[in-house]
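Here's the letter readout for the chains.
2 protein chains.
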Amino acid sequence: MEELQDNIQFQLTDELIEKVEFLVEEQSDKELKNLLNEFHYADIAEILDELDLDDAVYVIKLLDSDTTSDILIELDEDNREKVLQNLSVKEIAEEIEELDTDDAADIIAELPQERQEAVISQIEDEEHKAEIQELLTYDDNTAGSLMAKELVKVYETWTVAGCLRRIRGQAKEVTRVHSIYVVDKQEKLIGRLSLKDLIVAKSDQKIAEIAKDNVDYVHVNDDDEDVAKVMAKYDLEAIPVVDDTHTLLGRITIDDIVDVLKEEADKDYQLAAGITQDVEADDSIIELTRARLPWLFLGLVGGVGAFIIMFYFEDYLPEQALILFLFTPLIAAMAGNVGVQSSAIIVQGLANDDVKGSVNKRLIKEMLLAALNGVILSLFLFLFVWAWTQKFDLALAISVSLIAVIIVAGLIGTFVPLFLEKRGIDPAIATGPFITTSNDIFGIVIYLLIAKLILGI
Amino acid sequence: MEELQDNIQFQLTDELIEKVEFLVEEQSDKELKNLLNEFHYADIAEILDELDLDDAVYVIKLLDSDTTSDILIELDEDNREKVLQNLSVKEIAEEIEELDTDDAADIIAELPQERQEAVISQIEDEEHKAEIQELLTYDDNTAGSLMAKELVKVYETWTVAGCLRRIRGQAKEVTRVHSIYVVDKQEKLIGRLSLKDLIVAKSDQKIAEIAKDNVDYVHVNDDDEDVAKVMAKYDLEAIPVVDDTHTLLGRITIDDIVDVLKEEADKDYQLAAGITQDVEADDSIIELTRARLPWLFLGLVGGVGAFIIMFYFEDYLPEQALILFLFTPLIAAMAGNVGVQSSAIIVQGLANDDVKGSVNKRLIKEMLLAALNGVILSLFLFLFVWAWTQKFDLALAISVSLIAVIIVAGLIGTFVPLFLEKRGIDPAIATGPFITTSNDIFGIVIYLLIAKLILGI
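Heads up: the sequence lines are chains A and B, in that order. The opening position of the first sequence corresponds to residue 4 in this note's numbering, with each subsequent residue numbered one higher. The opening position of the second sequence corresponds to residue 4 in this note's numbering, with each subsequent residue numbered one higher.
To be clear, the hints were calculated from the coordinates, so they are not data collected in a lab. None of the hints are false.
Note: identical chains are not told apart, hence a pair may lie in one copy or across any two.
List of simulated lysine-lysine pairs, PhoX-like, C-alpha gap at most 20 angstroms:
1) K270 x K232
2) K156 x K199
3) K265 x K236
4) K425 x K364
5) K205 x K215
6) K394 x K455
7) K188 x K152
8) K191 x K209
9) K232 x K265
Here chain A stands alone, though its shape is the one from the complex:
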């Protein structure tokens, strides 16, 4: 059971990487093969991600293309791009031959235009080539861009026995059978059945008799996130893809959906933190700066705005009231925190489709929620300011305006994402710096206005 434990407990150690680097250095190909063949291709990909480009390419060229094709898929996108640049059109085509159509299309799509055609022209299997070319025609983030052409298809008129005989052929090239899709003479999807149904059925039964006709499906142009939601909601492990005429085009399997869900979650998480999507901790400083600086600049502009507001207020405030300014960071922080909390919960609710009912209901609920939190927090602040400054009216002014600030911040945080969603803009951008910055400014204005009012300055 050793290998199993390797699989499950694989740890990428520096020793292992050094050993691989050494074997590459020594060009002791046999040992290298023996070492790496112990590992799952996903693990080998992790190793290659840590190697220098030359070493990685050396390993790719060394191993058999049925392994390396799988490794390529698992490589970090940046590394894969570099590796592919170091492979000849012929070599890439050989990898492509080994891959399922969806993975093959993904890899080819990453190549520069002129190389794409060169590689495709090198694919020997004409059917495989045609299928890949079809997949390349579908837009990103659609069901078509996720689906594979590999599937097991039977005609309603076949018998169970004939079906079993025939799908032996089809099944060979399909990694996982999942459902068997039933089509009519026009290749239109009309039902499904599982291998289990087939095995349990009598061999002389007609497919039409045992097929289930309630087959879920998606349209080739459906949004990939919607496909993910449907498959997750209905616990589907594969879903067929059809066109306007219900012709069966391909199928999407759950492993691709797991990736979509993870990407979506990562994107929202990064936006909430003020990072424009699609960077990793290991990206270059320039890439990370490109992702982070715009949001920081937004914050800077907001801060400058806050300064200008306070600057003008200062003229109207007498000396003794300047203490108000010492609380502006607190006010701004609270406005920002409340805004992020309320926007985040709405953004997540929208992502999970569990935000229903009217916008007004949401706003009223958030107002009550913010008011409740605001009152509790303001009570503490009131007591502190009163005890510290011995000025009742000042303590009152600051704590009352904190309540107002928290309520407004909560409402902005709730309204903005709902508004963006209605406008068809990704509400996730409404969390993080966007909300904190706008709330900083609103908060400080409201704070100073109310304080001024109460202090009767």
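Here the structure of chain A is known, so what remains is to put chain B in place on it, guided by the hints.
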């Protein structure tokens, strides 16, 4: 194809809900059944989530237990709890009979202790009962808590033909076969094969000949998030679960893993926004307050801290330098934003297992990154302050300290999550208010100190 379109395009409309409410009101059971039977159980669950408790219970009692058991699983946890309170022990037991062992155990685990035993004692199928009782013994968030006992198991000594004959029996009670697991006489997991392999194989071959021995598996006590990572990494749709002796105990399917991944992502996202995990937009104001108020209080304490710091600095600053205070919200905001950015990317990297290499390398990289961002931003701030105040030294003081603040904020944001991870604490708590608040304070201190230094006050 009508029903398919309902499935895929199901929209929860007010009309539909009102119609259901009306039919319940009228007690026109036949129409109600006909209406609901059109929908997938996951859709019916969405409808029930919108109904009053009484109406929901009425529908549950009306429909057949093979449907309602699936509906129960899909209901919002809060609603399910309420519904179960309104079902008799006998009724719950009937639902349990219909469910796979993993779902059955999850539902029973949600019941109060005394009801648990009452329900279990009512389960008629003795094997089902025993399996559920076994599953209830495993800790939350372990492989054991995710696995189901339903699986297809064959002995290495069987022939393909005998195997097919025998698994017809087992397969009936298994919703999805996925892999067939091969065990030896001691029930120890020694390999796997797919239904496809079985169908493609010759009927007189021995299982031992065609079985694959490189079967991934997890230990019953493995952490559920690790199981999710393994299944996602190796694109597994089901994985067997074994104990210390490699005895096959059960299996985990990908649909449960999708839920684990979503929950984990939601939790991190909420923590980043300063919301203690496990609330939804539709939870009560009290629940939401409990999840949000502690973080806001943290922010309040931080703000008070900032006030105290500024208060004491004020004594040392001459009139003309009070303008420094007008920039504290800007400084605090920048410190917070940078901190959240750098911590979020580390937290996400840790979650996705792609943060490798030494802590020092990370800190140095983040320092360079923050310095780069800081210089660019400070340049703008310098020009603004200089133009606005006509004071070169003031502009210099403020913008230089901004660079320092951004660097420190970036380092704190990078170090804290790495530190927490090493200590075995969920680094996700290090994002959001925790980082913004601590960075507000550090930021303001650094800012005022450096400004004081440069201004030579």
